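Residue numbers (my numbering): 464 to 681.
Because the hints were derived from the structure by calculation, they are not lab data. Honestly, I wouldn't trust all of these hints.
Pair ranges (Cβ atoms, derived) [stated by the list, open to error]:
(1) K539 / Q498: 16 to 26 Å
(2) D598 / P479: 17 to 27 Å
(3) E520 / E636: 30 to 40 Å
(4) T656 / N603: 21 to 31 Å
(5) E520 / N626: 17 to 27 Å
Owing to the predicted nature of the structure, the values given are computational and were not obtained by experimental measurement. Beta carbons: idealized from backbone N, C-alpha and C, even for Gly.
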Amino acid sequence: MIYVVGLGPGDYEQLPIGVLHRLLGDLPVYLRTDQHPVVEQLVQEGMQYESFDAIYEKHDDFLAVYEEITNFLIEKAEKTDLVYATPGHPMLAELAVQLLLARTKDITIVGGQSFLDPLFAAVKIDPIEGFQLFDALAFNIDYYQPQQQTVIAQVFDQFVASNLKLDLMEKLEDETLVTLVSAAGTKQEWVKTVPLYELDHEYEGVNNLLSVYIPAQK
Numbered sequence: 464m465i466y467v468v469g470l471g472p473g474d475y476e477q478l479p480i481g482v483l484h485r486l487l488g489d490l491p492v493y494l495r496t497d498q499h500p501v502v503e504q505l506v507q508e509g510m511q512y513e514s515f516d517a518i519y520e521k522h523d524d525f526l527a528v529y530e531e532i533t534n535f536l537i538e539k540a541e542k543t544d545l546v547y548a549t550p551g552h553p554m555l556a557e558l559a560v561q562l563l564l565a566r567t568k569d570i571t572i573v574g575g576q577s578f579l580d581p582l583f584a585a586v587k588i589d590p591i592e593g594f595q596l597f598d599a600l601a602f603n604i605d606y607y608q609p610q611q612q613t614v615i616a617q618v619f620d621q622f623v624a625s626n627l628k629l630d631l632m633e634k635l636e637d638e639t640l641v642t643l644v645s646a647a648g649t650k651q652e653w654v655k656t657v658p659l660y661e662l663d664h665e666y667e668g669v670n671n672l673l674s675v676y677i678p679a680q681k
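Assemble the whole structure, with the sequences as input and the hints as a guide.
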């Protein structure tokens, strides 16, 4: 059995009890990435783990990364139960989890807290008005509707931010204000509003927990 858990937005205190029990239990733990704020505290609490960070360096595209992670987990789960942990919530913008669900029935989604609730609080918006959610790694400008408020997650680095900026400039003015939100809801929360043409500039605080919020355009 593969138990899939989410590491949440970033703070140790935000982890649900059920997720903590899995991460600190006796089963082997595999992290999609250990570049997450809660990992250090979890290690202090006794968690032992292996991460898949090295796989990202082997491939030129993310689909190949997630295919390898999926194949590895399924093969390992044939021999022993295990825990697979993702940032945020495992059902939100996690392609490897979707691949696992499609390929095996021996999987249980334990849960986790997504980044969306604290992000809405950080940018002070009410999602009841409607919003679009995109993955920066698979962003398609054809589906973007500027008249709706928009959240784009997984803006991992300047390279991803640069590609995203160029795509958005097809529909938005260069001076359009966008808001960068990193580690929303945690002690490391970082929020900065910049013109679109500066989206890929180097900012202190940018990391793999970065999302971009774009207000609805009139």
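Now for the hints, and whether the structure bears them out:
no. : hint                    : result
1   : K539 / Q498: 16 to 26 Å : holds, 22 Å
2   : D598 / P479: 17 to 27 Å : holds, 24 Å
3   : E520 / E636: 30 to 40 Å : holds, 37 Å
4   : T656 / N603: 21 to 31 Å : holds, 25 Å
5   : E520 / N626: 17 to 27 Å : holds, 19 Å
Going down the numbered hints, you'll see the structure goes against none, and every one checks out.
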